[in-house]
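Visitor: Below are the chains, spelled out letter by letter.
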Amino acid sequence: MPIQYYIYFCLALFSIGIIGVLTRRNAIIVFMCIELMLNAVNLLLVAFSKMHYGAALAANPNTTAGIDGQLFVFFIMVVAAAEVSVGLAIIVMMYRNTHSVDINFLNRLKN
Amino acid sequence: MNAIIFSAIMGVVMMFSGILLQKKSAVTTTAIVSLLLLLSMNLLDSYSVFSINVNTHGLLHFNKFGLFFNSILIAATLIFAVLCGSEIEKTGVNVADYYALIFFVLCGTSILTSFNGLLMLFLGIEIMSIPLYILTGAEKRNLKSNEASLKYFLMGAFSTGLLLMGIALIYGATGSFALKVSTTMAASAGVLSTSFLQIAGLILLFVSMCFKVSAAPFHFWTPDVYDGAPSVFTSFMATVVKAAGFFAFLNLFESNSAILGPSWKILLSFVIVATLLVGNITAVFQQSIKRMLAYSSISQAGFMLFALYSNNDMAKEGILLYAVAYCLATIGFFAILIKVKDYTFDGFNGLAKTQPVMAFTGVVFLMSLAGIPLTAGFFAKYYMLASVVKSGGSLWIVVVAVLFAAVSVYYYFKVIQSMYFKEGTPEVAAISPNFKTGLLLVAAAVILVGVLPSIVLNWFYF
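If you're matching them up, the sequences are chains A and B in order. Quick note on numbering: numbering that gives the first Met the number 0 labels position 91 of the first sequence as 90, and the sequence is numbered without any gaps. Quick note on numbering: numbering that gives the first Met the number 0 labels position 285 of the second sequence as 284, and the sequence is numbered without any gaps.
The set of hints was computed from the structure by calculation and includes no laboratory data. Take the hints with a grain of salt, since some may be wrong.
[To be verified] Cut-off 20 angstroms, straight-line C-alpha distance, at most; resulting in silico cross-link-like pairs (DMTMM-like, lysine to aspartate or glutamate):
#	chain 1	residue 1	chain 2	residue 2
1	B	K340	B	E426
2	B	K435	B	E138
3	B	K179	A	D101
4	B	K289	B	E138
5	B	K143	A	D67
6	B	K289	B	D341
7	B	K139	A	D101
8	B	K289	B	D96
9	B	K289	B	E253
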């Protein structure tokens, strides 16, 4: 499959994530949209990794080009997991105090 | 490498000290001793007396500038712990954990001062940010702290998403995560318009870093988060973390800005002017001093962005001086602010009569923030603007900056006015003589750097 398809697909996923973050009011759904953004990046990195591997393969059959892109994906997954644990803890803390996970509530901070 | 390893170890040590030590003050003492140790380890590393070397395969690159900058950040944290230690103890029950998180933040800043690739940039930013989300929400029962924490977390995670997308696009264009991207590699892709991908990636990186250092138009989270977070941690967030973010920003775009061509300066000057405008004009209208300081930190970010604009050696000296001046003055002034019960301007009325030492040192810190001569802030601003002139940049942006510096004098001096020229009885928490001595020492340092900025700079070249 041509690389363009992957790029368009990932950009579509990423844009859905951004639009979700900007428009949804439920903290959990905003959070899911952020995860969607990260996963779009993961997919794109893997696709690029394969593309660079394919391009380098013609010149050198033993090439390891593109391996770092796949490694990066693992780092993103680990960091995203750490971020989820902190983020859910924050949302739970907020829920305990207000019994709601609505983001509109954040506007109260602006005097 | 010393600072990265030892800050991580000391974070773990601090967690255990919470179990082993009964008294809260003992935990603070442990933290201060650990910070001293960390500072000396980092200094030993920068003088290459003793350094642990791990083969990082070019992911990290240690140079004097980065190590020295890291020393400044650790020293600022040390001053912060000495001045505000008693307040950290009052924030909540898990004092040892707060210090542990502060050490983990320092681990992130150590990575950010030495990264040599986009992978380490990402990891450094995340290691620095995730503990901060927790510190922001340290007051669990306080609704404002909760809100600030959630808001900071969502904004931080969102900007991380943008950062990662930028990195992925750059990777697609160049096939590597190296900081200095060679465009020769890019030809291998063949099927793609690589320059488009690379430029789109760099712009996403730029937007994401603007989020992190709270430059307009991506600043909107800053006032709410700085206002809602416990004041002690606001002080830490606004100084050490922000300075580290700027170092990473500068390092990232030092070589890559050429790819964007002439549009880079247009983009950057738009951001600088917007940041100065929003920061200074909004700060004028604030009723709460804490919120005013949040906006003033945005306007200081505008000045620090000049280092990216000029991008020469003088800009590097400037960002060093700015980090020193800004950290000292902000940490000092926050230490005073925390002691006062009421954060409005009226809450400071008549402080000079009841607490002359606090009021006097407060004046020194505010003058440094405003950039009045004979304080550190003056030379910091001077170096920034002079570097722009030296780089042959357009003069109009310097004029704009000077005008906004004049505006900033208004809201800083409003605080001085209420301290010295208004009657009132401010409610102030108990002040120990040690705290006063500490404040006087920090104020003396601010004036010393203001009179002889060469001390800092000579040290940099040692």
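Visitor: Against the structure, test the hints numbered earlier, and report the numbers of the ones violated in rising order.
Guide: 2, 3, 5, 8 and 9
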